[in-house]
Every structure is written in C-alpha cells, then in structure tokens.
Amino acid sequence: MGLFLLRRILGLFPILFFAAMITFLLVYLTPGDPAIAMAGEFATPERIAEIRERMGFNDPFLHQFWSWASGVLSGDLGTSLFNTTPVWDLVLNRLPVTLSLTLLAVLLSVVIGVPLGLLAGVRQNSLLDRVLTILASLGIATPHFWIGTMLVLFLALQMGLLPATGFVPIRENPWEWFLHMLLPAIALGAGTIAEIARQTRSGTIQVLERDHIRTARAMGLRPPAVVAKHVVKNAAIPVVTVLGVQVAHLLGGAVVVEQVFALPGLGQLLITSVLQRDIPVIQGVVLLTAVIVVLVSLLVDLSYTYLNPKVRQT
Amino acid sequence: MSTPSTSSSAPSPTTPVPTSTGSVPPPAPEASPGPMRRFLRRFRRQRLAMIALAFLVVLSVVAALAPVLSPYDPAATDVPRQFTPPGGAFLMGSDDLGRDAFSRLLYGTRISLVAPLIALAVAIGLGVPFGMLAGYVGGWIDWLISRIADTFMSLPAIILAIALVAALGPSTVNAMVALGIVYAPRLLRVVRGAVLVVREETYIEAARSVGLSGPRIMGVHVLPNIVPPIIVQLSLMFGFAVLAEASLSFLGVGVQPPDASWGVLLRRGFVNLYEAPWLIVPPGIAIMLVVLSVQLIGDGLRDSLGQEIRRQ
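Sequence order for the protein chains is L and A. At position 30 of the first sequence the residue is numbered 30 (my numbering), and the sequence of numbers has no breaks. At position 164 of the second sequence the residue is numbered 1164 (my numbering), and the sequence of numbers has no breaks.
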C-alpha cells in the first residue's frame, strides 16, 4: 500500500512538469512575434516593447522557462496583461464557481445515475432498461450547452420554475445559490448521469451473475437485500472509474455551460482572456485545471485501494 | 512456413501466403489484405451501424446538394421579415437578419461535417507516427512520448483547445487544428497499444531477420495491421470533434462567420433566445443525431475488430 502510494505520487511529477512546459509553450505557438500578437491591433511600439519586456521575450529560452516555472512554484502566475491584477487572484476568484458547479454535477450524476443503473441492471431488458439505454446514448450525444439552453427555454422561461441565469454566492444565500446552480448542474451532468447509469447497469448485471450472489439468494436473502449488501460495492468500481475520467470532461464542459447561465466562473475568465489574447491568464487557467485533474485521478486511484483490496498488493 | 501465431486464429481459407513462400529463405512477407477485409466483412453485418452509416451518407448528400435543396440563399438578409416564426414563408423561421433558418441549417451541414475532418487529419498526422515510434522503439523514447501524451490527456479537451486557439488566433482552421492537437494523444495511445501487439508477431521478426530497416518495417508491415483499431478510434473522435466544434463555435472561438456551422447557428439562436426560441432547436437536434450515428458506427466498428486486437 505504502509503496503503491509512493510510486503513484512520484509518477505525478513528470506529468506536472510537462503540463507546465506545455502551458509555457502556448506563448510560442503564436504565429509571428508573440509580443505583437498579444499587444493587439492598434498597439504602439512602446506597448509592444513593454509586453516583450514583461513576458521576458528578450531573454534566452531556457532562462525564460526557468524564471516562469520558479514563479509558478512560488505561487506567482504573473499578472494580467490588461490590468495589473495577479493571475492567481483572478483565477482564485473564479475557481469556486466552476468547482462548485462541477461538484454539483458529479453529485447529481451519482445520486441519479447509480439508482437508475441499479434498477435497469436488476430488471434487465425491461421497458425501464430499454428507455434508459436510449436516454443514455442521447445524453452522451448531446452538447451540454444545448441541454442547458433547452432547460432555460422550457423550465425557466416557459414555466418559470427556476431562475434562468445569474449567480448567487453560497455564503450570501445557500438556497438561492442552489436554485441558480441546479439547471446548470443538470445540463453539465446529463451526459455523466447517462454514462454512470450505463456503467452501473453493466456492473450490476455482471455482479448478479457471480456465484456468491447466487448463494446469497439461495440462502433466502431477498433481492433488495442482495443488491444493498453485495451488488452496490462491487458495482461501485466502474462508477469511480467513470467519475475519474469524467472530471476533466466536466471541467471543460463547465466552461461552456457557464456561458449559457452567465455564471462568473473560469469559463467567463477564459473566454474574455482569449478575446483579449491575455496569455498569462490563459496559462493560469490551463495549469490550474491540469493540477485539479491530476489530483482527482490520484484520489480515484486511492479509492480503488479501498474498494478493491486486490489493487493494494500490486 | 510461418508458425501459427495469435493472429492466424481465424482459419480463413483465403491466405495464400504460406504456399508461395514455403521453402525458400523467407523474403519480406507480403502485407496480407486479411485483417482489413475481415474487419469490413464483420462490420457489414452490424445492422444498427449500417443504418447509422446510411443516415450519414444521406446527410453528406444533403450537404453536397445544399445549393439545390435550399429554398433561400443562406446569406440573403431580409431585415423587415426578421424573427418570422416557423411555418409560413420560412420552414424553420427566420433569424435576426431575416435569413432562412432552414437554408442555413442545410449549408451548416457542410462545415459541421467537413471541419472535424481537419481535426482528424491533424490527429492522424501527429498521433500515428509518434504512436508507432513509441510502440516500436520502446525505451526512453516511449517513456517520453507516453508521458507527454498523458499530460495532454490530463488537460480538459475544451480548455486546451480554447487556449490553443488563443495562441494560434481565432479562425475556423486554427480551431480544428487545435482540436486535432488535443485528440492526437488519444489516437497515439491506441496506435502505440496496437503496435505493441503487432510487434511480437512472427512476420515482424521475419522482416527484421532479413535486415529490413525499422522505418520500412513500420510502414509496410506494421501500419496495415493496425489500421482497424485506428479506424475505430477515428470514428469515435469524429463524434467528439463534432461536439467540440459546436462548443467552440458556440463560445465564439471556433468556426468564424461568415462560415456557419451548426455550432455558429446555436450561438445565434442563443443570442436571440427570447425573440426567436425556435432557432436553437434544429441545429441541436442535428448535432445530436450525427453524434449518435457516429457512436453507433463506432460501436459497430469496435465489435468488428478481430479477437487478436480487441483483447489487448
């Protein structure tokens, strides 16, 4: 267990190093002189020179990477090119919105997806099972933001059930926060709900076929008890795997869904920065999401060792 | 004679290779058309996948015939008749500039189906050579390539694509190139895995023993045998690319006007959601149907893979 953990954590370093490298190299993908591109269309030569100086374009390449990377390690992601706000502050201001949206979507997917998958798996080939299978395929094939817009259109604008757009910080009013986040979270989570239902279903079917379940049933344990006692934990492994894979997908989706519901999260920051070519801010967002995804995948791996003792020995 | 290895598990009567190369010191064994042909034969039997494929073919024809089928010029504005509800003169209503939503949807099919192909081409160009290199050469090169691929895959696809567009500058082609870069590591992984399996086959060993160069072995003997899993992956990626193009265009960093993909139409529909709620429905359904079809085709293709590759 200790060795597994150690090796897993050591394995993170190359990934984080390359993530920093890729983030850093973003600037160099700019065709032509990056300083001119970043200064925008009507820039004065002084402005271009200032950007060149601030980004360190005059220094040798390795020197640039070193000063940038050592800055990142000490929590300094640079400053925005458009106002002198530190990137770290900008990103940290927006992060809670995106993160809470993603977490709520994950929560919804588990709370809705797992029971649906269990039901479909226990009653294989029933009407419910078939409807769920079709819905699952549709859920994966539909863009998050389109589901979001449809929800706004029907639930918010037509029926007036929930607020269409806007954001209320959780500290101000938790209930209003929840009401404003519910539609975005459903939109973002729809595909994941579907995917989790699908995985839980096939996991359930596989577990139900195993010998120890048949024994449990033969000994007179009633089906609900069998499901509760034996199936859920075994079927949880694929669900955790899906969640691990989906977190990156959900973070990306959140960026898009935020635009539909006018939520002041990382997505809004990212899009504004792209339109202004504010590369330091973009680098901050990319690096931060990479770190989040890497940490989540570590958590997922650790949860395997809890769910499946066999993993611990490897 | 080549010893029966895992790849010859399907006893097909149409393998003439052993008879022709029986006694003489083995020349370079010919790349047999076997795996590909078997793959396609199995694929043709998948009913759902064939229906989906037929749908996509029809859609492609519609895209090609858009000028003939469209009742209006998709760019013709008619501001006095803006926001006309569906029915009447405009089958699917008109937008804020009085343009016909139906004609724009038909024309949008073109870009929505073609643009993802650019992304796939970039992904192939990066993913296949590096994947083959990593799988075939192994060692520290494999380690380096695989870690870089892992890193790319730990970045959320859309966020990375947006960042790349920011660096490259917003344009339709750049957005698709960015998506290609994002997807390349996913393809690379599949290619590397397939090469690892193929590398151990007897015919590769034979090719190596007669002194063929590495690049030649990879191009002539390895590549044809890993095409089926590449096709499966590409079919799945096409679906993702359609969705991603829609997302990027919706955000305004994908396909750029005057080009109009379904994603661009969704953006317009969203902006005019209060005045013309009908605009946003058809492009979304179109995207959903295409991605669903592509998924069904992908599932069918995957089920058509031979045991030898599927098991890895």
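Hints in this document: simulated from the structure, not taken from any laboratory. Every residue gets a Cβ at the ideal spot worked out from N, C-alpha and C, and that includes glycine. Worth double-checking, as some hints may not be accurate.
What the hints assert, rightly or not - Here are some chain A residues pointing at chain L (derived, C-beta under 10 Å):
hint	residue
1	I1231
2	S1247
3	V1253
4	G1269
Each hint tested on the structure:
Below 10 Å, beta-carbon pairs count as interface contacts, and A:I1231 has none with chain L, the closest being about 20 Å; its hint is therefore violated. Annotation: interface hint on A:S1247 holds; nearest CB of chain L at approximately 5 Å, less than 10 Å. Interface hint status for A:V1253: upheld, as the beta-carbon distance to the closest one in chain L is roughly 6 Å, under 10 Å. The closest approach between the C-beta of A:G1269 and any C-beta of chain L is roughly 8 Å, which is under the 10 Å cut-off, so the hint is satisfied.
Consistency note: the structure conflicts with earlier hint 1 alone.
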